[in-house]
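Participant: Please arrange chain L on chain H, whose structure you already have, making use of the hints.
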Amino acid sequence: MTRFAATFAKPRPALVAFITAGDGDTAANLDALVAGGADVIELGMPFTDPMADGPAIQAANLRALGKGTTTADIFAHAAAFRTRHPDTPLVLMGYANPMTIRGADWFAAECAKAGVDGVICVDIPSEEDAELGPSLRAAGVAPIRLATPTTDAARLPDVLNGAGGFLYYVSVAGITGLQQAAQASIEEAVTRLKAATDLPVAVGFGVRTPEQAAAIAKVADGVVVGSALVEIIAGHGEAAAAPLEAFTRTLADAIHGAKENAA
Amino acid sequence: MTDLPNSFRTGPDERGHFGAFGGRYVAETLMPLILDLEREYRAAQADPAFKAEFDHLLEHYVGRPSPLWLAERLTADLCASANEGFGAKIYLKREDLNHTGAHKINNCIGQILLARRMGKTRIIAETGAGQHGVATATVAALFGLPCTIFMGAVDVARQQPNVFRMKLLGAEVIAVESGAKTLKDAMNEALRHWVANVHDTFYIIGTVAGPHPYPELVRGFQSVIGNEAREQILRAEGRLPDMLIAPVGGGSNAIGLFHPFLDDAGVEIVGVEAAGEGLDRRHAASLAGGRPGILHGNKTYLLQDEDGQITEAHSISAGLDYPGIGPEHSWLHDIGRVRYEPVTDAEALASFQKLTRLEGIIPALESAHAIAAAERIAPTLGKDKVIIVNCSGRGDKDIFTVADALGVEL
Numbered sequence: 001m002t003r004f005a006a007t008f009a010k011p012r013p014a015l016v017a018f019i020t021a022g023d024g025d026t027a028a029n030l031d032a033l034v035a036g037g038a039d040v041i042e043l044g045m046p047f048t049d050p051m052a053d054g055p056a057i058q059a060a061n062l063r064a065l066g067k068g069t070t071t072a073d074i075f076a077h078a079a080a081f082r083t084r085h086p087d088t089p090l091v092l093m094g095y096a097n098p099m100t101i102r103g104a105d106w107f108a109a110e111c112a113k114a115g116v117d118g119v120i121c122v123d124i125p126s127e128e129d130a131e132l133g134p135s136l137r138a139a140g141v142a143p144i145r146l147a148t149p150t151t152d153a154a155r156l157p158d159v160l161n162g163a164g165g166f167l168y169y170v171s172v173a174g175i176t177g178l179q180q181a182a183q184a185s186i187e188e189a190v191t192r193l194k195a196a197t198d199l200p201v202a203v204g205f206g207v208r209t210p211e212q213a214a215a216i217a218k219v220a221d222g223v224v225v226g227s228a229l230v231e232i233i234a235g236h237g238e239a240a241a242a243p244l245e246a247f248t249r250t251l252a253d254a255i256h257g258a259k260e261n262a263a
Numbered sequence: 001m002t003d004l005p006n007s008f009r010t011g012p013d014e015r016g017h018f019g020a021f022g023g024r025y026v027a028e029t030l031m032p033l034i035l036d037l038e039r040e041y042r043a044a045q046a047d048p049a050f051k052a053e054f055d056h057l058l059e060h061y062v063g064r065p066s067p068l069w070l071a072e073r074l075t076a077d078l079c080a081s082a083n084e085g086f087g088a089k090i091y092l093k094r095e096d097l098n099h100t101g102a103h104k105i106n107n108c109i110g111q112i113l114l115a116r117r118m119g120k121t122r123i124i125a126e127t128g129a130g131q132h133g134v135a136t137a138t139v140a141a142l143f144g145l146p147c148t149i150f151m152g153a154v155d156v157a158r159q160q161p162n163v164f165r166m167k168l169l170g171a172e173v174i175a176v177e178s179g180a181k182t183l184k185d186a187m188n189e190a191l192r193h194w195v196a197n198v199h200d201t202f203y204i205i206g207t208v209a210g211p212h213p214y215p216e217l218v219r220g221f222q223s224v225i226g227n228e229a230r231e232q233i234l235r236a237e238g239r240l241p242d243m244l245i246a247p248v249g250g251g252s253n254a255i256g257l258f259h260p261f262l263d264d265a266g267v268e269i270v271g272v273e274a275a276g277e278g279l280d281r282r283h284a285a286s287l288a289g290g291r292p293g294i295l296h297g298n299k300t301y302l303l304q305d306e307d308g309q310i311t312e313a314h315s316i317s318a319g320l321d322y323p324g325i326g327p328e329h330s331w332l333h334d335i336g337r338v339r340y341e342p343v344t345d346a347e348a349l350a351s352f353q354k355l356t357r358l359e360g361i362i363p364a365l366e367s368a369h370a371i372a373a374a375e376r377i378a379p380t381l382g383k384d385k386v387i388i389v390n391c392s393g394r395g396d397k398d399i400f401t402v403a404d405a406l407g408v409e410l
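Top to bottom, those sequences are chains H and L. Position one of the first sequence corresponds to residue 1 (the UniProt record's numbering), numbered consecutively onward. Position one of the second sequence corresponds to residue 1 (the UniProt record's numbering), numbered consecutively onward.
In isolation and in its complexed conformation, chain H is listed as follows (with noise of 0.2 Å):
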């Protein structure tokens, strides 16, 4: 069984959380992430050039780099976080230029070795899936795929065609961490893509608090909060950890309940 398989196997929504890499102390802050109660990570490859994201993310990925985040620098913490953590599933996130610079097979490898089990790239929608898709799949790495509130139902086939992982459900049309869509526009999005996959489907896009995020629970399988979290880097620096786990906690404990308190 995969690691995907079993964290989604398991009778509660998953708390999907987002970091920048080489933003902060990274190896503690993923760690915190875990400690809190996190189930899958997903690990932000800082880019020059974020296109899909809100002011927090972009801010994050300008402090990686300016620190020097180089690309070598994410697949060794993903490694060393595969050691530490052998069971929690580990998502790279990031833009297309990064991904496949050296080419697609190349990264699809380094995925493999660092123990990355799925790649979500922002610019690269199914009509461009031969850029990295054959790599990643012949890797044994899921390219886990996105839908949209602009995402019909004509489109949705291809989309979920040769998709990984989960269905990854971006609630508005927008960036990441600014508005966030109205509790009844994703249910009825959630219950349509469930009805089209086998896929776990987890949905995100500005959900910043505890109460948010126990709302979408209550129908997906899993719940992404990225930029609430990267914004308490931005404010402790590299002491981010302490308060990076109490807040996933908080994240964590609302959504693992959601579908109880909802019984």
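I should point out that these hints are in silico values taken from the structure, not numbers from a laboratory. Virtual Cβ for every residue (Gly too), placed ideally from N, Cα, C. Watch out, some of these pointers could steer you wrong.
[Said to hold, decoys possible] Ranges between beta-carbon positions, derived for each pair: (1) L:43 with H:238: 55 to 65 Å; (2) H:157 with L:36: 40 to 50 Å; (3) H:236 with L:153: 24 to 34 Å; (4) L:335 with H:105: 20 to 30 Å; (5) H:10 with L:305: 39 to 49 Å; (6) L:405 with H:162: 17 to 27 Å; (7) L:335 with H:161: 47 to 57 Å; (8) H:187 with L:177: 28 to 38 Å; (9) H:6 with L:177: 41 to 51 Å; (10) L:170 with H:180: 30 to 40 Å; (11) L:405 with H:192: 36 to 46 Å; (12) L:177 with H:152: 31 to 41 Å; (13) L:172 with H:180: 22 to 32 Å; (14) L:335 with H:236: 45 to 55 Å.
[As the list claims (entries may be wrong)] To give an idea of the chain H side of the interface with chain L (calculated C-beta under 8 Å), a few residues: (15) 71; (16) 98; (17) 147; (18) 152.
Facilitator: Leaving out everything else, chain L in the frame of chain H:
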């Protein structure tokens, strides 16, 4: 260079690729919209009423056709320094005479007509120096649509006259504080805004870059330059030119001039990249100094480091100051149909002054790069040869930059 295509004019393929370049590297949120745009563009291409309205606006609003001017004094000057029997004849395609002072308006007219067809009610655009921003604000005023222009904060500070022009035209100008605060960051911010406003907003991209179908449709609207030049040179010389030269930033004026001639084997084609302070220092020559990568929706040559992080471009010409280039240029470069040559800030500055003094035409610094390449090449060609240089814009906007570079206080 094996497997050359039968025609250089059939691209892109149905997936928006020019060979290994181009494509649609955008967030899923935007995919349905750019598929819509492609459908609407195909419908517009097949609609004689669309073409008639486009042509009408180009003639009566933009002032087309733009003249093809035989630069006799520039030609004579270059002949004087050439060996006996050498010194090609130089014609200038006068895009600087268009309304708003550059080729940019051709594309803006076309795209705002598409926006109206699609029922979009707001216009956004990115701009570097402000030329595309002014052209977009102009057509938005003409069509009565609200318009927001994204411009890097650094560019806002150094291009105040164009910022004021855009505001006079009724546009909102947003100073982009993210990243390096220049053109690429303005484009990032425009894409972010677009993703959040796809339902009512049309993004007028200013060059032959971005996701398919933008490179194709911008080329389509700019090809009026080459189509006119072809007719004009046949009238003036009774034959096709021996060479075309145009400056390339994103490359819309260049592709507009080049595309109608790509299948004419006798026409040599030269694109001019901004070599800034020199290729071993800060520059904006994506082909000479970059390598293929993915940015802003397309795969193309980019200035980047070994990890694929985008590096800053530099050129004295703000219009060439971009770390990428349109994907069709990357393809034309790789297959060898177009030759791309670098020209430095210093060379462009010298040609800016030379053309001004010899022809009474103050060229944009972008165009001055092409003039500099012509000065280099013309004396090596026979007197019977004919070159068309794209004078893509006028230089009024650049007089402050030029004064500064020459150490003159205004």
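Participant: Next step is simple, just say for each hint if it's right about the structure.
Facilitator: Hint check results:
no.: 1; hint: L:43 with H:238: 55 to 65 Å; in the structure: holds (56 Å)
no.: 2; hint: H:157 with L:36: 40 to 50 Å; in the structure: violated (19 Å)
no.: 3; hint: H:236 with L:153: 24 to 34 Å; in the structure: holds (28 Å)
no.: 4; hint: L:335 with H:105: 20 to 30 Å; in the structure: holds (25 Å)
no.: 5; hint: H:10 with L:305: 39 to 49 Å; in the structure: holds (41 Å)
no.: 6; hint: L:405 with H:162: 17 to 27 Å; in the structure: violated (53 Å)
no.: 7; hint: L:335 with H:161: 47 to 57 Å; in the structure: violated (32 Å)
no.: 8; hint: H:187 with L:177: 28 to 38 Å; in the structure: holds (36 Å)
no.: 9; hint: H:6 with L:177: 41 to 51 Å; in the structure: holds (44 Å)
no.: 10; hint: L:170 with H:180: 30 to 40 Å; in the structure: holds (32 Å)
no.: 11; hint: L:405 with H:192: 36 to 46 Å; in the structure: violated (59 Å)
no.: 12; hint: L:177 with H:152: 31 to 41 Å; in the structure: holds (35 Å)
no.: 13; hint: L:172 with H:180: 22 to 32 Å; in the structure: holds (25 Å)
no.: 14; hint: L:335 with H:236: 45 to 55 Å; in the structure: holds (53 Å)
no.: 15; hint: 71; in the structure: holds (5 Å)
no.: 16; hint: 98; in the structure: holds (4 Å)
no.: 17; hint: 147; in the structure: holds (7 Å)
no.: 18; hint: 152; in the structure: holds (6 Å)
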